[in-house]
Amino acid sequence: MFDLVDKLALGFRTCWDVVWVVEPLTGAHVPVPINLLLCFLGCLIGTLIGVLPGVGPIATIAMLLPITYSLPPVGALIMLAGIYYGAQYGGSTTAILVNIPGEATAVVTALDGHQMALQGRAGTALAIAAIGSFFAGTVATLVIAALGQPMQKLALLFGPADYFGLMVLGLMLAVVLARGSVPKAIAMIIVGVLLSTIGTDLETGEERLTFGWSEVSDGIDFAVVAMGIFGFAEVLRNLEHPEAREVVRGRISGLLPTREELRQSAAPVLRGTVIGTILGILPGNGAVLGPFASYSLEKRLAADPSRFGKGAIEGVAGPESANNAGAQSAFIPLLTLGIPPNAVMALMLGAMTIKNIIPGPDVITKNPDLFWGMIASMWIGNVMLLVINLPLIGVWIRLLKVPYRLLFPAIILFCCIGIYSINNNPMDVYLTAGFGLFGYALIKFGFEATPLLLGFVLGRLMEEKMRQALQMSRGNFMTFLTEPLSATLLGFAVILVIIASLPTMRRGRHAAFAD
Amino acid sequence: MEKPDAVSSGDRAKRVRGLNQDFGAGVFLILLAAIAYLAAADLRLTLPSGLGPGTMPKATAALIAVFGLFFVIQGLTTLGARLESWSLRGPIFLLGAVVVFGATVRTLGLAVAGPAAVLIASLADRGTRLREILPFAVLLAAGCILLFRYALRQPIPVAPFWLGY
Chain A
0 MFDLVDKLAL GFRTCWDVVW VVEPLTGAHV PVPINLLLCF LGCLIGTLIG
50 VLPGVGPIAT IAMLLPITYS LPPVGALIML AGIYYGAQYG GSTTAILVNI
100 PGEATAVVTA LDGHQMALQG RAGTALAIAA IGSFFAGTVA TLVIAALGQP
150 MQKLALLFGP ADYFGLMVLG LMLAVVLARG SVPKAIAMII VGVLLSTIGT
200 DLETGEERLT FGWSEVSDGI DFAVVAMGIF GFAEVLRNLE HPEAREVVRG
250 RISGLLPTRE ELRQSAAPVL RGTVIGTILG ILPGNGAVLG PFASYSLEKR
300 LAADPSRFGK GAIEGVAGPE SANNAGAQSA FIPLLTLGIP PNAVMALMLG
350 AMTIKNIIPG PDVITKNPDL FWGMIASMWI GNVMLLVINL PLIGVWIRLL
400 KVPYRLLFPA IILFCCIGIY SINNNPMDVY LTAGFGLFGY ALIKFGFEAT
450 PLLLGFVLGR LMEEKMRQAL QMSRGNFMTF LTEPLSATLL GFAVILVIIA
500 SLPTMRRGRH AAFAD
Chain B
0 MEKPDAVSSG DRAKRVRGLN QDFGAGVFLI LLAAIAYLAA ADLRLTLPSG
50 LGPGTMPKAT AALIAVFGLF FVIQGLTTLG ARLESWSLRG PIFLLGAVVV
100 FGATVRTLGL AVAGPAAVLI ASLADRGTRL REILPFAVLL AAGCILLFRY
150 ALRQPIPVAP FWLGY
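For the record, the sequence lines run as chains A and B. 0 is the number of the first residue of the first sequence in numbering that gives the first Met the number 0; add one for each residue after it. 0 is the number of the first residue of the second sequence in numbering that gives the first Met the number 0; add one for each residue after it.
So that you can see chain B by itself, here it is in the shape it has in the complex (with noise of 0.2 Å):
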């Protein structure tokens, strides 16, 4: 289920100006856009037979720049819904959980990646039982192996330390 246009919602109590979501969105697409514009600084925005590299780049930048103060100043003029707290909890272990299985899948396979990502993942949720996701985590990458490796034969690496491959 989408969750509720910040709009339609309403509620005003809790809108408000300055420091609310539009003010948020626009510093980050103006932070977004002038590390793009930096990136694409040194390419040319002209050739000889037309447009160069660096004109959709450094275009694109700009019009996020744009779009960034509108937001910026609309924020700060205008009642908005109020700026989203972020959870660190989520996204640690979620995309620790994702970095983790990309730095062991090559030198410990995915017997090892696999429950990892699992069991790591897993601690996003505080519901998370131990006696429940051990098990499950094992089986999942057991089916894992088996599905990837043996039957659709992609070249995943099982357990080197102990298989070979």
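The following block holds chain A by itself, in its conformation from the complex (with noise of 0.2 Å):
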């Protein structure tokens, strides 16, 4: 217990770390507190490309990618984990305003949350949003500081042919828990561990799968794929499906909520925190199952149900709350196997990986600055989206109005700036048009592009673990079956592949992800 409030504390010392700055007018050494200010700035801008509409979580991120290139490791991570949580409340404060869901997790939230707009309560709703996200935040902050540790002594015993038993699991799971075709996910986690060989064999130094292209003989660059598949398809796929958007017109009066409102939504936003902080350990969107969870449980709770789509906060606090702490937990996977539950936890893996931290067992006892710094900015990232958030409503709403013309010329502006800006190189830029095309493919084809992305990230420490296990092995394939936790983790995965793929499972699939 000492020991978790030393680790914190050490975390939180990690957020106030300072740099002097000479100061251009007085020419006086001034002390920053940068990592608090990388928080802040990630949690503003998050919120503020949260907010436009048709840019969700995973597109900001990967457009924001490059700007975190030239940061440190630590305030990178802190800022790219305040953009997470900045984007995602951008997404509840569209659902809200313009019934607009600006990502799935918000799906929920649009239901009562734009009803409530309509009433004329939208600051309501906004604030208490932003109440039970804060409050989930702050216990889901908990629970990943509490389980960091005995999370990371269970990796330890793991030897490379567990390690790629796990990583198999992790992503059949990522597959069987996400939407859409079993079959088809798994060929897109296939193809991108295929892209991840293209470049140089760690071992041999032959050069694979790069047509004697120079430019990618260290691999092709993570930022270009996310922003090809994620940022460019995303807005062509945009282009052809083009949204009515009616934002709540009027003035938006009476933000915080009555002393009633917030013994409603007391309950419903502790139960949220609950469930959410559990199903978003699980891979897969474990993390956008957790509001539509609330969602039910409250309206099965509640003592007039039929209140529930009219503008009941119980259905805005419960889900945001769960919305919340299934972010935040979702990191657990990550940091403490290295294994990423979805897309966002893929794009963090690219990100660390890109600054040669390995998430994973190690990170905790090599860089404890970096994991507990980062826990504590979670922690610090949820005061200031309130901070930002509330007094901000008016510029939001403002934004809300941008229309998508002018929208994506600009998104298309700013990835372009951010691939060129990392190496500095044209050829970057003309990769990311060639995986845009391949992604709107992807989109005309119906798959999803996180699979890939997911097998893109863990492709390499996929191939090396299995050719160390062989190596141990002597080349014996067994190896993977007589070690009995390898050989139960890939029965595991085997068993989910199976039983996802039964007639009437899928069904159930399908009517869990309908509503």
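Incorrect hints may appear among the rest.
[As the list claims (entries may be wrong)] Cut-off 16 Å, straight-line C-alpha distance, at most; resulting in silico cross-link-like pairs (EDC-like, lysine to aspartate or glutamate):
1) A/K354 with A/D368
2) B/K57 with A/E206
3) B/K57 with A/E205
4) B/K57 with A/D368
5) A/K152 with A/D361
6) A/K6 with A/D303
7) A/K354 with A/D217
8) B/K57 with B/D41
[Said to hold, decoys possible] Simulated coverage check for chain A against chain B, where a stretch passes if three residues somewhere in it have a Cβ under 8 Å from a Cβ of chain B:
9) 194-208
10) 408-418
11) 443-453
12) 479-490
[To be verified] Pulled from the structure, derived: some chain B residues nowhere near chain A, Cβ distances all over 12 Å:
13) L75
14) T76
15) R88
16) A96
17) A158
18) F160
19) W161
20) L162
21) G163
To be clear, the hints were calculated from the coordinates, so they are not data collected in a lab. Glycine residues also receive a C-beta, built at the ideal position from the N, C-alpha and C atoms.
Reconstruct the complex from the two isolated chains, following the hints.
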């Protein structure tokens, strides 16, 4: 227990790290809490872009990834985490004000949140969403801190074969718990792994699949893939499916919820937090299921379920808390096992790899300041969101009115500049355009891009572990089945895929994702 | 918003056998696998110390081909969503803008490449009005120059023909 307090203190100290900067006017040296500043900037920019119509958290992070390239690792990850929950919260804002959920997890919020907005209670809805998220974020942060070390000790027992098995299981869980066709998702994972093999072979130094192109001899940059298939391809999809948006008109007054409304929301917030935290740890779209589960639970528990869908505050408070709790607890599998449970965490993993940090059991021991600093920054970020969002609602509403025809050329320009500045190389820009086209083709053939990204970020490590395991067993493939741990993990993965492809389960999955 | 799942939409009238989305997906995967396999043809499968550099690319390519075949057969034998039509306008102007940006940023700098990218990209949408987009493109590029070159100190060329950087 004291250990935990100790570690959290280390985290907060990391967040307060200062750098001395010469102030240009007076020439005096002033301390700047750089990590705190980056956290604030991340939250602000994340919300700003997350609020923009048609830009979800994944696209936001993909777009802003290059900006963090020049930062030190701790600062970069703190900023990225800030961008993430900023964008997440921005998605809820659009759900309430425009009835367009910026992302899948805000779909439920739109149901009652937008009704509240139509009744002139938009301020209250946004406030209760922020308060619920803050509470959930605080609890989830503590859970991460508490689970971090035991999970890490568990992971240290893993040999290469076991690690390979764990990655396969993690990927399969991500596929089964996500929406869409299971065989298509598995195919996408394999395509992602294939893309990850492009570049120089680690063992022999041979160039692989580069077509003699020296630009990709270090492998394809992660930001190039992410921005191509999540940035450009998304814009192409949005252009083909324009959405009508109706921003709530009129003044938004009465930001603070009444005592009665707070009392009504207290229990839903608590329940939502618990549900969200638990589901968020699951791979796949566990974090997406949280708000849905919370909404149906609140509806079932309510004395008068007919109020739901007509502006019930519980329908905002519960799912929003679950949403934020899940968003945060999704970091647990990433930080402790190195397995990203969803696309956002895959982006985080990519960002870490670029900084030469391999997420997994070693991170806590080798980079304690990074691990605990990030955890502490999550809590600080939640405070900042509260501070940023409530006074700035007017700004967000104005941003929501920006038409998409102006927005998308701006997104394209930002992406171009961002990609160019990674290596100051125009080739990266062309390559991203190529991946944009690739991503567009994927959409047209009904493939989801997330499994591809998961396969891509885990591919290199999977190959490395597989080769290590086979070296230890002198080339005997049975090692994956004779090592008890890896055999169990791989067995689970196979069972999972079989269950998911049974006809009855397939129908069940459709029902689960339908509403 | 994600578009509704092709299967759950359940619109029977739109579902076809043969040249449907699954069939297209299968052909796409098989082509991809073929290109990858050819590119990896010279890589060794094994080394004296264990697996070689060729194992992973070849194995994944082979698996992708198997999945491709599966989708082709599924497309031919079962009802599936119709192949979506490809828009030409979007990809041409949007990705064209990106390519033009890449081709001009070094020589002409952000002052030219920026507005050019915005203007070309804007043509992807039919609703674009020149009177609106022209000042927007110039302002946006100016903002980006201030932000990336001067605030974030990225070494991105601004206007080499005029400023020398």
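No chain A beta carbon within 12 Å of B/F160's: B/F160 is indeed farther than 12 Å from all Cβ atoms of chain A, at 17 Å.
Beyond 12 Å from every chain A Cβ - status for B/G163: 17 Å, holds
Claimed coverage, the stretch 479-490 of chain A by chain B - three or more beta carbons nearer than 8 Å: violated (count 0)
Status of B/A158, Cβ more than 12 Å from any chain A Cβ: 15 Å, holds
Beyond 12 Å from each Cβ of chain A, as asserted for B/L75: Given that every Cβ of chain A is farther than 12 Å from that of B/L75, nearest at about 15 Å, it holds.
16 Å Cα cutoff - pair B/K57, A/D368: Violated, at roughly 41 Å.
Closest CB of chain A to the CB of B/W161 still more than 12 Å away: Answer for B/W161: holds, closest chain A Cβ roughly 19 Å.
16 Å limit on alpha-carbon distance, applied to hinted pair A/K354 and A/D368: 15 Å, holds
Restraint status (C-alpha distance of B/K57 to A/E205 at most 16 Å): The given pair, whose Cα atoms are some 15 Å apart, holds under the 16 Å limit.
16 Å Cα cutoff - pair A/K152, A/D361: 10 Å, holds
Beyond 12 Å from every chain A Cβ - status for B/R88: 8 Å, violated
B/L162 and chain A, when compared Cβ to Cβ, separated by more than 12 Å: 17 Å, holds
Hint check: violations occur at hints 4, 6, 12, 15 and 16; the rest are consistent with the structure.
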